[in-house]
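Starting from the known structure of chain A, fit chain B onto it as the hints suggest.
Protein chains in written order, with our numbering: chain A, 1 to 108; chain B, 1 to 113.
Rather than coming from a laboratory, the hints here were simulated on the basis of the structure.
For glycine and all other residues, C-beta sits at the position ideal for the given N, C-alpha and C.
One or more hints might be untrue.
As the list claims (entries may be wrong) - Sample of chain A residues with no beta-carbon within 12 Å of chain B, all distances over it, derived:
| # | residue |
| --- | --- |
| 1 | Gly16 |
| 2 | Pro18 |
| 3 | Ser28 |
| 4 | Thr60 |
| 5 | Asn64 |
| 6 | Gln78 |
| 7 | Pro108 |
Said to hold, decoys possible - Restraint-style ranges between C-beta atoms, simulated for each label pair:
| # | chain 1 | residue 1 | chain 2 | residue 2 | range |
| --- | --- | --- | --- | --- | --- |
| 8 | B | Lys18 | A | Leu10 | 32 to 40 Å |
| 9 | A | Arg53 | B | Gly63 | 37 to 45 Å |
| 10 | B | Ser96 | A | Arg3 | 23 to 31 Å |
| 11 | A | Gly66 | B | Ile12 | 46 to 54 Å |
| 12 | A | His50 | B | Ala2 | 19 to 27 Å |
| 13 | B | Glu70 | A | Lys107 | 42 to 50 Å |
Said to hold, decoys possible - Short derived list, chain A residues pointing at chain B, Cβ under 10 Å:
| # | residue |
| --- | --- |
| 14 | Val4 |
| 15 | Gln6 |
| 16 | Phe34 |
| 17 | Arg43 |
| 18 | Ala88 |
| 19 | Leu90 |
| 20 | Phe98 |
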Amino acid sequence: AQRVTQPEKLLSVFKGAPVELKCNYSYSGSPELFWYVQYSRQRLQLLLRHISRESIKGFTADLNKGETSFHLKKPFAQEEDSAMYYCAHLNAGNMLTFGGGTRLMVKP
Amino acid sequence: EAQVTQNPRYLITVTGKKLTVTCSQNMNHEYMSWYRQDPGLGLRQIYYSMNVEVTDKGDVPEGYKVSRKEKRNFPLILESPSPNQTSLYFCASSFSLLRPQQYFGPGTRLTVT
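Just chain A, same shape as in the assembly (with noise of 0.2 Å):
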């Protein structure tokens, strides 16, 4: 079956450190892949996309298809970036299948 794996589940790091968010994907073919982040009482909204090969709030996403990955990295973890992080990969039909998410906490 097509999936989007995120291994863990809760993510703590201490303000200033690196972060990586792990997501591996098992699809075939030239993936559409996005970051998708959850802030605290407030709705899903997209971070980032791998097309555009952009940087939202200083996190980045490369697309590696040899481990067909996705991590999502930031150099810096902020306080503010505590929230839960989704990949999601699109498929050719339009349907849009996320992986089970990654709570992070940043601490102080």
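Chain B only, in chain A's frame:
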């Protein structure tokens, strides 16, 4: 303001009592979908619609129905709710296949007793 709205935001109901959760978007988006969010399972797609009168099953469609009679509305219908449908539900919309960034509603927390 461009947005996706859902109603109700919170609902407690009993097994078997039909309910509808409404979803509306004001961005003229073609694509709309419903997800449920459960602890440890993340977000799973229930149904999606690529345009008016075009709907398709997602990963977990059992026990749900949808309709897309107008472009802006995409209600989720539970004909006979059961306790395993207790969940947090999100509606989302996106402009089209070529612009698939999804905008999410605020969520509806449903409890079925």
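With a cut-off of 10 Å, does the beta carbon of A:Leu90 approach a beta carbon of chain B closely enough for the hint to hold? holds (5 Å)
I want to verify a distance hint. Is the separation of the beta carbons of A:Arg53 and B:Gly63 within 37 to 45 Å? Hint holds: Cβ distance 40 Å, inside 37 to 45 Å.
Just to be sure I understand the hint, the distance between the Cβ atoms of B:Glu70 and A:Lys107 should be within 42 to 50 Å; is that true here? The hinted range 42 to 50 Å holds for B:Glu70 and A:Lys107, with Cβ atoms some 47 Å apart.
How does the Cβ-Cβ distance of B:Lys18 and A:Leu10 compare with 32 to 40 Å: does it lie in that range? For A:Leu10 against B:Lys18, whose Cβ atoms are near 38 Å apart, the range 32 to 40 Å holds.
Quick check on the hint: A:Val4 CB to chain B CB, less than 10 Å? Result: holds, 9 Å to nearest chain B Cβ.
For the restraint on A:Arg43, tell me whether the closest CB of chain B is nearer than 10 Å. Since the shortest Cβ distance to chain B is 5 Å, the answer is holds.
Quick check on a hinted range of 46 to 54 Å for A:Gly66 and B:Ile12, using CB atoms only. holds (49 Å)
Does A:Gln78 sit more than 12 Å from chain B, CB to CB? Holds, because the least Cβ-Cβ distance between A:Gln78 and chain B comes to about 23 Å, which exceeds 12 Å.
Least C-beta distance between A:Pro18 and chain B, which was stated to exceed 12 Å: About 24 Å separates A:Pro18 from the closest Cβ of chain B, which puts it past 12 Å; holds.
Taking the Cβ atom of B:Ser96 and the Cβ atom of A:Arg3, is their distance within the range 23 to 31 Å? holds (26 Å)
Does A:Gly16 really sit off the interface, with its C-beta more than 12 Å from all C-beta atoms of chain B? holds (28 Å)
Is the claim that A:Thr60 lies outside the interface with chain B correct, judged by CB distances over 12 Å? Non-interface label stands for A:Thr60: nearest chain B Cβ at 18 Å, farther than 12 Å.
The structure is consistent with each of the numbered hints, conforming to all of them.
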